[in-house]
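Engineer: Protein chains in written order, with the UniProt record's numbering: chain A, 1 to 284; chain B, 1 to 284; chain C, 1 to 284; chain D, 1 to 284.
Quick caveat, the hints were computed from the structure, so don't treat them as lab data. Idealized CB from N, CA, C, for every residue including glycine. Check the hints yourself; a few may be wrong.
[Stated by the list, open to error] If you only want the chain A side, here are some residues facing chain B, beta carbon under 7 Å, derived:
hint : residue
1    : 14
2    : 21
3    : 22
4    : 25
5    : 30
6    : 34
7    : 35
8    : 36
9    : 156
10   : 202
11   : 206
Protein chains: 4
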Amino acid sequence: MHKITLLIHCEDQPNIIASVTNFMATNKGNIVYIDQHVDREQNIFFMRLECEFKSDAFSIEKFRNIFKEVLVEKFQLKWKMYAADKKPRMALFVSKYDHCLYDILGRYNSGELFLEIPFILSNHAHLKSIADSFNIPFYHVPVTKDTKYEAEREQLKLLESYTIDFVVLARYMQIVSNLLIDKYPNKIINIHHSFLPAFVGAKPYHSAYKRGVKIIGATSHYITEELDAGPIIEQDVTHVSHSHSINDLISKGRDLEKIVLSNAIKLHANRKVMVFNNKTVIFS
Amino acid sequence: MHKITLLIHCEDQPNIIASVTNFMATNKGNIVYIDQHVDREQNIFFMRLECEFKSDAFSIEKFRNIFKEVLVEKFQLKWKMYAADKKPRMALFVSKYDHCLYDILGRYNSGELFLEIPFILSNHAHLKSIADSFNIPFYHVPVTKDTKYEAEREQLKLLESYTIDFVVLARYMQIVSNLLIDKYPNKIINIHHSFLPAFVGAKPYHSAYKRGVKIIGATSHYITEELDAGPIIEQDVTHVSHSHSINDLISKGRDLEKIVLSNAIKLHANRKVMVFNNKTVIFS
Amino acid sequence: MHKITLLIHCEDQPNIIASVTNFMATNKGNIVYIDQHVDREQNIFFMRLECEFKSDAFSIEKFRNIFKEVLVEKFQLKWKMYAADKKPRMALFVSKYDHCLYDILGRYNSGELFLEIPFILSNHAHLKSIADSFNIPFYHVPVTKDTKYEAEREQLKLLESYTIDFVVLARYMQIVSNLLIDKYPNKIINIHHSFLPAFVGAKPYHSAYKRGVKIIGATSHYITEELDAGPIIEQDVTHVSHSHSINDLISKGRDLEKIVLSNAIKLHANRKVMVFNNKTVIFS
Amino acid sequence: MHKITLLIHCEDQPNIIASVTNFMATNKGNIVYIDQHVDREQNIFFMRLECEFKSDAFSIEKFRNIFKEVLVEKFQLKWKMYAADKKPRMALFVSKYDHCLYDILGRYNSGELFLEIPFILSNHAHLKSIADSFNIPFYHVPVTKDTKYEAEREQLKLLESYTIDFVVLARYMQIVSNLLIDKYPNKIINIHHSFLPAFVGAKPYHSAYKRGVKIIGATSHYITEELDAGPIIEQDVTHVSHSHSINDLISKGRDLEKIVLSNAIKLHANRKVMVFNNKTVIFS
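Use the sequences and the hints to build the structure in full.
Structural biologist: Here it is as structure tokens:
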């Protein structure tokens with residue numbers, strides 16, 4: 001049994017759903033999941049579809065070609081087709097904070113995450129022992145103002161040599177430049193410790209404390225050139241009060257960060273996220 | 001332009017999605033919404049679909065017949081097809097509490113609800129002036145132990161004479177018998193003031209207080225023969241503490257009841273709820 | 001039985017709690033509620049206390065004088081003392097939206113709110129019939145660019161002639177000037193339809209839609225000179241997705257606005273809010 | 001500087017707050033935190049108080065004696081007095097699930113928890129390597145029907161020899177008998193994977209799935225003789241839908257379990273929980 005996951009978007013137009021589902025049937029596929037969304041403001045159609053093929057002769061490469069010939073040009077589709085059983089490969093970038101790292105590795109170990117983690121990278125050596133205890137290669141790539149370009153070149157080489165599909169910044173605390181963003185567009189996931197667009201930039205818990213908000217949040221988003229302004233994947237919040245110090249906010253926020261980031265990773269790894277015009281469509 | 005909403009469920013089987021979407025295309029329909037769910041435990045397939053037809057000659061009665069001939073027998077479908085622009089007609093049963101009534105009528109007035117409210121019925125006269133101020137007919141049908149059967153016969157006559165599609169018990173505080181349930185299966189929506197299945201029956205806030213729970217809830221569900229055990233449509237909760245008295249729980253609970261019931265009404269009125277084996281599938 | 005509510009704040013210093021509680025005991029008061037908070041960043045002590053006096057001879061005016069003599073100067077207290085059974089008087093300012101108005105009046109009618117509403121004021125006539133149906137005087141005071149000053153003078157006269165304690169802007173949609181703010185500092189409560197400090201100013205739901213946030217919110221705060229930047233009393237949020245249109249956000253947001261504003265009103269009316277340096281301390 | 005935390009409860013009576021605060025002042029203590037609650041149904045007064053003493057000569061043993069002489073008998077107080085800087089000692093009981101264990105140890109390592117973990121105990125050997133990697137002694141005490149009594153005797157011996165203050169069952173999956181409960185009343189914290197009192201007993205996620213609830217929860221409570229019926233410390237919930245399988249519920253539930261249990265541990269370790277008549281008062 002072969003199974004594919006298909007993501008498409010295009011200008012909205014009549015018969016698009018019927019054409020795609022009919023195409024699958026004609027090619028002996030059985031659709032087991034279908035969901036769609038139309039952005040009426042921008043007139044864009046989005047679809048996510050899972051389809052099973054029983055034939056032993058099925059080849060995803062061949063099927064991609066047929067799909068391209070029959071449908072892509074006709075409807076001017078933007079599309080991605082995945083072998084559903086192929087786990088994406090995720091690189092994990094960390095700095096000194098360990099709470100997101102522990103959370104992700106705990107889930108990874110328990111089989112909760114549909115992905116592979118070929119390596120962990122950090123600009124500091126602090127968390128190496130955690131990587132070791134989970135038997136995952138750890139690369140220490142220091143970053144200073146002067147060595148930033150070289151450091152990113154080294155990162156890029158690692159990403160390529162490990163054939164990484166997407167990158168997760170698990171409180172990496174460094175601004176990532178276009179050198180990486182351009183190579184991995186909408187494939188670098190960050191966790192920001194505020195409810196974006198409130199409190200962009202550094203020290204959001206301090207700003208939240210100062211403003212006297214009654215709720216704090218965390219936001220996972222794809223990195224784009226503009227700081228903390230990329231497409232939002234997942235957000236969550238928790239109530240706070242005047243009685244919470246900045247340290248309390250930081251501590252409560254850690255729980256948000258862990259869960260929001262892990263949820264974003266799951267959505268991305270399961271190919272449930274589409275991006276258009278700096279916004280996400282989430283087929284969950 | 002004609003638009004239909006189609007709900008189907010049947011045993012899960014290959015090609016069901018392609019067959020239905022293909023059928024719509026063949027009949028010159030353009031699918032504008034599709035969502036589906038497979039209950040893997042019970043092997044049941046559920047689908048909700050909206051389809052537009054441009055032809056002036058389109059008739060939903062004829063289309064129903066063609067659909068029946070071509071697909072219903074073949075796949076052994078259970079199905080419902082609605083003209084999407086036809087508002088369902090809802091009867092509102094109340095008792096003495098007014099918070100859900102005000103909330104529903106406020107939304108109704110503002111155009112937020114896709115439905116018509118031909119009448120309000122109560123076993124008490126207390127809320128008549130509210131019905132009057134919204135210009136909705138009000139029927140006072142007292143219920144005592146001895147007159148319960150006659151009262152429900154009268155209710156039934158009203159429901160039929162007004163061609164009511166579904167009934168909402170907005171804190172109606174009376175147990176509804178099979179006389180009504182059998183005529184309106186999965187069409188009588190209740191709001192229960194607890195997080196079901198916790199605290200079934202009378203005085204759930206008192207029970208919650210006694211147990212010392214840290215969260216209280218409200219549940220909207222379809223009425224079935226067994227008390228508070230019907231299919232759940234919507235639930236929500238709020239945090240409480242030791243400092244809340246029973247009256248505080250009741251007051252906080254009112255806000256939950258209003259919002260949970262209104263959300264359930266919207267889901268039902270927009271034909272987004274399917275029921276199977278005492279559980280709901282919600283296409284929201 | 002007489003009961004007072006006392007709110008104090010001052011620089012943090014030793015023995016402040018014991019001094020106040022001892023003072024109450026000496027004056028034959030029985031403390032039935034006490035809560036306190038120390039802002040360690042600013043070194044400010046806050047306290048809320050309820051105290052009962054059995055003597056028929058008790059007079060709050062006399063007690064205020066004794067309190068002032070004995071404690072206020074010694075600890076340099078800022079303080080407010082209320083007769084606990086005296087309901088505050090609240091003016092309600094509205095515009096064309098009715099959801100907050102219905103919500104507040106429904107609660108008011110049911111006895112849920114410890115306050116009096118002597119009048120409702122609007123810059124439009126649209127909601128007069130609602131005020132009428134609840135038997136509350138309604139004043140229509142139109143506001144244009146040119147007449148703004150005169151309109152606010154008229155508002156001020158009404159507030160004074162009705163001896164209003166605090167003002168609630170229930171989606172009033174007008175910027176209130178210093179003429180009113182200075183007379184009612186931290187006594188004018190607004191509801192802003194976003195999760196402040198995100199989306200300050202006009203059309204926050206449109207901005208939220210454009211940014212693609214996964215959570216929307218509402219914020220109730222005291223009006224200050226800077227727009228949407230006053231002390232936050234209460235906030236709440238709800239999850240949204242790509243499938244929600246701007247109208248969906250507006251509709252879901254209305255439920256937040258109603259509940260957040262009513263909660264803020266309750267906290268203020270029950271004298272549970274203290275303000276210091278543009279932040280609130282909430283003794284709930 | 002010495003600091004104590006005092007928890008008291010007694011029948012509600014006049015002047016109790018003033019008497020205690022006055023006692024502290026007389027003994028040269030400066031109260032830095034005070035909170036109180038009156039259960040009006042049962043007429044019980046609860047108080048939590050933190051007090052600092054500057055004198056080098058201060059001795060908590062002596063102070064306990066004075067407190068007993070002056071106040072305990074007079075007001076018939078039930079009371080506990082702690083040296084605020086003395087960390088409680090917590091034993092961790094686990095079985096095969098590791099998510100709560102990782103979560104607790106991650107927090108422990110980062111300094112977030114005010115407690116000591118002298119040892120981890122399990123009826124299985126599976127999680128020994130995790131205990132090892134955090135350098136905490138691990139005891140494997142197998143439990144079978146026939147050896148249960150001996151096993152609990154061994155557990156008791158370990159608890160005593162390590163002078164344990166409280167026990168946390170982090171998904172321990174065994175019913176604890178009165179042998180332990182009687183020695184550690186309201187000192188054994190369990191995490192139950194449902195929103196109690198819904199779904200008591202085994203396999204709550206399966207029951208939740210079968211009932212078709214739209215929200216699942218987790219509850220942390222003190223163990224009492226009756227299964228899952230002890231005083232509730234903390235609860236939280238998350239939304240689910242028809243699309244979630246039992247495994248999805250289990251996976252989403254793990255995140256609830258971790259956070260609810262950790263919050264309960266923090267409240268207990270910081271002496272913020274009081275228990276009376278099978279309910280908790282939480283001074284948070």
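Engineer: Take the hints in turn and mark each one as holding or not.
Structural biologist: Okay, the hints, checked on the actual structure:
{"no.": "1", "hint": "14", "in the structure": "holds (4 Å)"}
{"no.": "2", "hint": "21", "in the structure": "holds (4 Å)"}
{"no.": "3", "hint": "22", "in the structure": "holds (5 Å)"}
{"no.": "4", "hint": "25", "in the structure": "holds (4 Å)"}
{"no.": "5", "hint": "30", "in the structure": "holds (4 Å)"}
{"no.": "6", "hint": "34", "in the structure": "holds (6 Å)"}
{"no.": "7", "hint": "35", "in the structure": "holds (6 Å)"}
{"no.": "8", "hint": "36", "in the structure": "holds (6 Å)"}
{"no.": "9", "hint": "156", "in the structure": "violated (40 Å)"}
{"no.": "10", "hint": "202", "in the structure": "violated (32 Å)"}
{"no.": "11", "hint": "206", "in the structure": "violated (26 Å)"}
In summary, the numbered hints that this structure violates are 9, 10 and 11.
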